[in-house]
Amino acid sequence: MKKLINSTDRVVEEALAGMAAAHPDLLRIEDPNVIVRKDAPRQGKVGIISGGGSGHEPMHGGFVGLGMLDAACAGAVFTSPVPDQMLAATKAVDGGAGVLHIVKNYTGDIMNFEIAAEMADAEGIKVKAVVMADDVAVQDSLYTAGRRGVGGTVLAEKIVGAAAEAGKDLDTVAALCQKVQDNVRSMGMALTSCTVPAAGKPTFEIADDEMEIGVGIHGEPGRRRVKIASADEITDMLVGPILDDGVIAKGDTVLAFVNGLGGTPLIELYIIFRRLAEVLEERGITIGRSLVGNFITSLDMAGTSITLLKLDDELTGYWDAPVHTAAMRWGA
Amino acid sequence: MKKLINSTDRVVEEALAGMAAAHPDLLRIEDPNVIVRKDAPRQGKVGIISGGGSGHEPMHGGFVGLGMLDAACAGAVFTSPVPDQMLAATKAVDGGAGVLHIVKNYTGDIMNFEIAAEMADAEGIKVKAVVMADDVAVQDSLYTAGRRGVGGTVLAEKIVGAAAEAGKDLDTVAALCQKVQDNVRSMGMALTSCTVPAAGKPTFEIADDEMEIGVGIHGEPGRRRVKIASADEITDMLVGPILDDGVIAKGDTVLAFVNGLGGTPLIELYIIFRRLAEVLEERGITIGRSLVGNFITSLDMAGTSITLLKLDDELTGYWDAPVHTAAMRWGA
Amino acid sequence: MPITTADLARFVELYADRLHAAREHLTALDSAVGDADHGINMDRGFSAVREVLPGLREGLPGALAKQVGMKLISTVGGASGPLYGTFFLRFGTSLGDAAEMTGADLATAVRAGLDGVIARGKADPDDKTMVDAMTPAAEALESNAASDLVQALEAAARAAAAGRDRITPLIARKGRASYLGERSAGHVDPGAASTTILFESLRDALGR
Amino acid sequence: MPITTADLARFVELYADRLHAAREHLTALDSAVGDADHGINMDRGFSAVREVLPGLREGLPGALAKQVGMKLISTVGGASGPLYGTFFLRFGTSLGDAAEMTGADLATAVRAGLDGVIARGKADPDDKTMVDAMTPAAEALESNAASDLVQALEAAARAAAAGRDRITPLIARKGRASYLGERSAGHVDPGAASTTILFESLRDALGR
Ligand SMILES: Nc1ncnc2c1ncn2[C@@H]1O[C@H](COP(=O)(O)OP(=O)(O)O)[C@@H](O)[C@H]1O
Ligand SMILES: Nc1ncnc2c1ncn2[C@@H]1O[C@H](COP(=O)(O)OP(=O)(O)O)[C@@H](O)[C@H]1O
Ligand SMILES: [Mg+2]
Ligand SMILES: [Mg+2]
Ligand SMILES: [Mg+2]
Ligand SMILES: [Mg+2]
Numbered sequence: 001m002k003k004l005i006n007s008t009d010r011v012v013e014e015a016l017a018g019m020a021a022a023h024p025d026l027l028r029i030e031d032p033n034v035i036v037r038k039d040a041p042r043q044g045k046v047g048i049i050s051g052g053g054s055g056h057e058p059m060h061g062g063f064v065g066l067g068m069l070d071a072a073c074a075g076a077v078f079t080s081p082v083p084d085q086m087l088a089a090t091k092a093v094d095g096g097a098g099v100l101h102i103v104k105n106y107t108g109d110i111m112n113f114e115i116a117a118e119m120a121d122a123e124g125i126k127v128k129a130v131v132m133a134d135d136v137a138v139q140d141s142l143y144t145a146g147r148r149g150v151g152g153t154v155l156a157e158k159i160v161g162a163a164a165e166a167g168k169d170l171d172t173v174a175a176l177c178q179k180v181q182d183n184v185r186s187m188g189m190a191l192t193s194c195t196v197p198a199a200g201k202p203t204f205e206i207a208d209d210e211m212e213i214g215v216g217i218h219g220e221p222g223r224r225r226v227k228i229a230s231a232d233e234i235t236d237m238l239v240g241p242i243l244d245d246g247v248i249a250k251g252d253t254v255l256a257f258v259n260g261l262g263g264t265p266l267i268e269l270y271i272i273f274r275r276l277a278e279v280l281e282e283r284g285i286t287i288g289r290s291l292v293g294n295f296i297t298s299l300d301m302a303g304t305s306i307t308l309l310k311l312d313d314e315l316t317g318y319w320d321a322p323v324h325t326a327a328m329r330w331g332a
Numbered sequence: 001m002k003k004l005i006n007s008t009d010r011v012v013e014e015a016l017a018g019m020a021a022a023h024p025d026l027l028r029i030e031d032p033n034v035i036v037r038k039d040a041p042r043q044g045k046v047g048i049i050s051g052g053g054s055g056h057e058p059m060h061g062g063f064v065g066l067g068m069l070d071a072a073c074a075g076a077v078f079t080s081p082v083p084d085q086m087l088a089a090t091k092a093v094d095g096g097a098g099v100l101h102i103v104k105n106y107t108g109d110i111m112n113f114e115i116a117a118e119m120a121d122a123e124g125i126k127v128k129a130v131v132m133a134d135d136v137a138v139q140d141s142l143y144t145a146g147r148r149g150v151g152g153t154v155l156a157e158k159i160v161g162a163a164a165e166a167g168k169d170l171d172t173v174a175a176l177c178q179k180v181q182d183n184v185r186s187m188g189m190a191l192t193s194c195t196v197p198a199a200g201k202p203t204f205e206i207a208d209d210e211m212e213i214g215v216g217i218h219g220e221p222g223r224r225r226v227k228i229a230s231a232d233e234i235t236d237m238l239v240g241p242i243l244d245d246g247v248i249a250k251g252d253t254v255l256a257f258v259n260g261l262g263g264t265p266l267i268e269l270y271i272i273f274r275r276l277a278e279v280l281e282e283r284g285i286t287i288g289r290s291l292v293g294n295f296i297t298s299l300d301m302a303g304t305s306i307t308l309l310k311l312d313d314e315l316t317g318y319w320d321a322p323v324h325t326a327a328m329r330w331g332a
Numbered sequence: 001m002p003i004t005t006a007d008l009a010r011f012v013e014l015y016a017d018r019l020h021a022a023r024e025h026l027t028a029l030d031s032a033v034g035d036a037d038h039g040i041n042m043d044r045g046f047s048a049v050r051e052v053l054p055g056l057r058e059g060l061p062g063a064l065a066k067q068v069g070m071k072l073i074s075t076v077g078g079a080s081g082p083l084y085g086t087f088f089l090r091f092g093t094s095l096g097d098a099a100e101m102t103g104a105d106l107a108t109a110v111r112a113g114l115d116g117v118i119a120r121g122k123a124d125p126d127d128k129t130m131v132d133a134m135t136p137a138a139e140a141l142e143s144n145a146a147s148d149l150v151q152a153l154e155a156a157a158r159a160a161a162a163g164r165d166r167i168t169p170l171i172a173r174k175g176r177a178s179y180l181g182e183r184s185a186g187h188v189d190p191g192a193a194s195t196t197i198l199f200e201s202l203r204d205a206l207g208r
Numbered sequence: 001m002p003i004t005t006a007d008l009a010r011f012v013e014l015y016a017d018r019l020h021a022a023r024e025h026l027t028a029l030d031s032a033v034g035d036a037d038h039g040i041n042m043d044r045g046f047s048a049v050r051e052v053l054p055g056l057r058e059g060l061p062g063a064l065a066k067q068v069g070m071k072l073i074s075t076v077g078g079a080s081g082p083l084y085g086t087f088f089l090r091f092g093t094s095l096g097d098a099a100e101m102t103g104a105d106l107a108t109a110v111r112a113g114l115d116g117v118i119a120r121g122k123a124d125p126d127d128k129t130m131v132d133a134m135t136p137a138a139e140a141l142e143s144n145a146a147s148d149l150v151q152a153l154e155a156a157a158r159a160a161a162a163g164r165d166r167i168t169p170l171i172a173r174k175g176r177a178s179y180l181g182e183r184s185a186g187h188v189d190p191g192a193a194s195t196t197i198l199f200e201s202l203r204d205a206l207g208r
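Protein chains in written order, with my numbering: chain A, 1 to 332; chain B, 1 to 332; chain C, 1 to 208; chain D, 1 to 208.
Chain A extracted, bound-state conformation (with noise of 0.2 Å):
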């Protein structure tokens, strides 16, 4: 295992001080291990905060902000956070308006999630959960969990944290992040696995000619393991079961955000991108909005996600807002 480390034991909380070192201005790490927006709690401002296990870097620390979370839990990497974290955090961005907890659909986040809202109520805050399962990888049956939380996360964090930015009260952000989860869908592959600290060794073997299409980001296995392949087909094998998912049609304008798991350098997913605009426009429909970088990782593991969502004014608008965190910026 190669990684900038010191201690497995400390990776969560050394990477937290370096985040208050390089984003005063931004942010404050309260114990235990939440990262909160400078300036909150604001009164009158629904709070929303996300969380989950650390490893996923930019997601969720590095969205906290203006016009995005007003905080995030950090678990141990990979490990849903601790209801105390949840706790803590809405404690502190509760402004009076309540707070909404966006959550991805893994049992461990929901379970956690859950117990926090219980202990928050019993003290008094309002606080609404939404759920986001945006990965066609899983098939969304009894059978399973249902489908995990991905790269929609990324974007429901944005237009929501606008939305409450703005001055919208609980219910519409819930009914706003809710929205984007009925219209995005997302779907990864990786080329190598990551490798766990506490774990010293790659969670998956994989061989050098082979690729792993629809894995989670925690490094569980996808669908399927086939043969490597080229960025054009490896793309179409993304895009495809999205868009049979039927979300998203002929004539759709997408928000087309190509992700990056954190071994995979830019240069490619530029590549990965220059597929996704050819095989959209194929099928007719229009690309409005685009996100291409690192932003929902997994570790070091080499590999790409790409998720669209359906836009309409409302989520356009929204996802223009000024927003200014570590890691997304601009307007501000």
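Derived by calculation from the structure, the hints in this document are not laboratory data. Backbone N, C-alpha and C fix where the C-beta goes; we use that ideal spot for every residue, glycine too. Treat the hints with caution; some may be incorrect.
From the structure, some residues in chain D lie toward chain B, with a derived Cβ separation under 8 Å [stated by the list, open to error]:
1. Gly34
2. Ile73
3. Gly81
4. Arg111
5. Ala112
6. Gly121
For each label pair, taking beta carbons as the anchor points, the in silico distance ranges come out as [to be verified]:
7. C:Glu58 / A:Gly331: 57 to 65 Å
8. B:Glu233 / D:Ala162: 45 to 53 Å
9. C:Pro169 / A:Glu205: 18 to 26 Å
10. B:Thr172 / D:Thr102: 50 to 58 Å
11. D:Glu24 / B:Thr316: 26 to 34 Å
12. A:Ala207 / C:Arg166: 26 to 34 Å
13. B:Asp182 / A:Gly124: 54 to 62 Å
14. C:Pro169 / B:Arg10: 45 to 53 Å
15. D:Ala185 / B:Gly246: 27 to 35 Å
16. A:Arg283 / D:Gly55: 37 to 45 Å
17. A:Gly317 / C:Glu51: 45 to 53 Å
Position chains B, C and D with the ligands against the provided structure of chain A, taking the given hints into account.
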């Protein structure tokens, strides 16, 4: 070699096509592989161009836009662009006020930019060139090709771009670029080699327990090969030579830039930043501004580089000025 | 012979030791079907538990179990944190203010813990989770409650292991392993493995 | 027997073939001391040259060499592009409008090319660059100019190879290899290797 590409011959062209598809609001691609700011040339504004081998994305193409570069020339992977490209870029951005070439100090880049400048001169365009050479890993002696241009280039492009946007003339922006060069120092290290697509295998072999200190951004071997160390020790090995170089001293305020080389995830970069902040504090140096992320990469290499720029009000003001490019954006 | 707080503390300590020893093994199981952290998670939680254990030895068994549960909830995270946390919390609640417990009390407490796990995780039988190891263990304790404690604990440990092995060929329908669909068949469920270690530790700590 | 445009074209073609064959080898040499692209660069440039060659066979030898040089400058990039480009450009300029060239003209043209390389790259002798292979080759051609062309070309090829090998133990002081300092000693310079192939191709194409 595991990469998201279609053919080793088309890597650069296809990545540029992807950039054009993703950022039509910012840039256009002109033959031969020149990334030009959408609204170039701007009458009366000094044109700022840079360029170099590809494989360092987002540098330079990701820095084309408002307040930064007017054009970037993308050479083959790790190979200086050819003079035709710099000439085309120079012509595309010349708005009558002359053009600044920001050149990284590599033999090939210097010679190719020189030839281009001779050609531009023959066509009556006023060109000045400033050479960036901030890598303290290379002894600045007569016995080398001189220090390499690395992370300082990113900062120079931002600062000089802001000055040009503010209407400064060619001599002024050239002097400002030289001022950045005089006040910026960098050093990098690698945990793994990069793999040049056309070469198909890693540029260098490195054992699982070794790292390369002082590596170049093209996978050039560094100062020394040593046993792998902790993130804190590595940070010290990079900051030490930077501070020993004498440009930055106790009492100074710096822009602290921790850069990823392409295969290293953000979580590790923040662990490096944590120690960097600690060391600077110990040395009585204040962090005025910071930048953390993958800005000047080396394909899929795992590793990091640290860049420190001594700030004054002028440099800080230009750093803070609005910028809107694919990879760096604020205030716009 | 009734079970005391000291016995319970010895069990928790032994379980903590064994989880630490099984850290790599459980993580390897989770690599195959999940995200390679189950051993790390359990070890982190029980290391934290170990630190608070001394302060709990003097109190009631129910209080000890509840504190263990709360510590797990606030240190483990993931799926196993709320589940094992709830198990110990409900286990402790079931004991009430009793100063000691019988084998029958133990069976009741384990059943209460299991019910909590099911309420929290909503796993059905054969979803291939820890529930499939915990359920037969709880049943074994119940059906042996009248007889010798040593025998009951031995039966529970065997039942947990048998449950773990029985579901190995199944396709997972809950947790991360469910993403794998058919590819999950043939892999040992990490949570069922850690639950088996729980009942083995219970046997070895109390079943002298 | 004078050297014609056809001869020169045959040389360029043979050099292109041999660079293509040596692509991996030259790149491997550059991996050790540079950025692993010298073979790729040269092959890219001479593939482009090969495409324009047919149109140049009918013209003057000087024009052919100049077009080769310009093609290299506009397709190779890196250090070798401007250097080899300048070599062929100056080589061609030295031939002027002559329809044919003698062995002495060839020696003069190579010297002019070498001077161009030195002017462009500012390498001193023993900096461990292509100049250290090109210089002895140019000298061999000059000192054998009066004698048989076959013999002169053979001497030049041997001299280039000897130059390449002579500098292998040295520490590089120009180009990327200079970053290595003492670690560059013992490695063959990629540019000296490609220059040796140039003079070997010249010998084999013209020295019948
Ligand atoms: N809904 C559930 N109900 C009961 N047990 C579950 C459920 N989901 C997962 N588990 C158990 O949790 C184990 C995984 O725990 P762990 O790896 O620590 O958490 P995570 O999956 O969040 O990484 C599984 O092997 C399974 O036994
Ligand atoms: N200043 C110089 N003068 C002459 N030759 C040089 C100089 N710098 C480098 N070279 C030659 O160029 C070769 C490297 O070429 P190449 O790898 O194609 O370019 P780059 O170094 O830009 O990647 C070196 O092996 C050396 O022979
Ligand atoms: Mg987990
Ligand atoms: Mg090169
Ligand atoms: Mg797990
Ligand atoms: Mg080279």
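Open item on the list: Taking the earlier hints as the rules, which of them does this structure contradict?
Closed with: 4, 5 and 11
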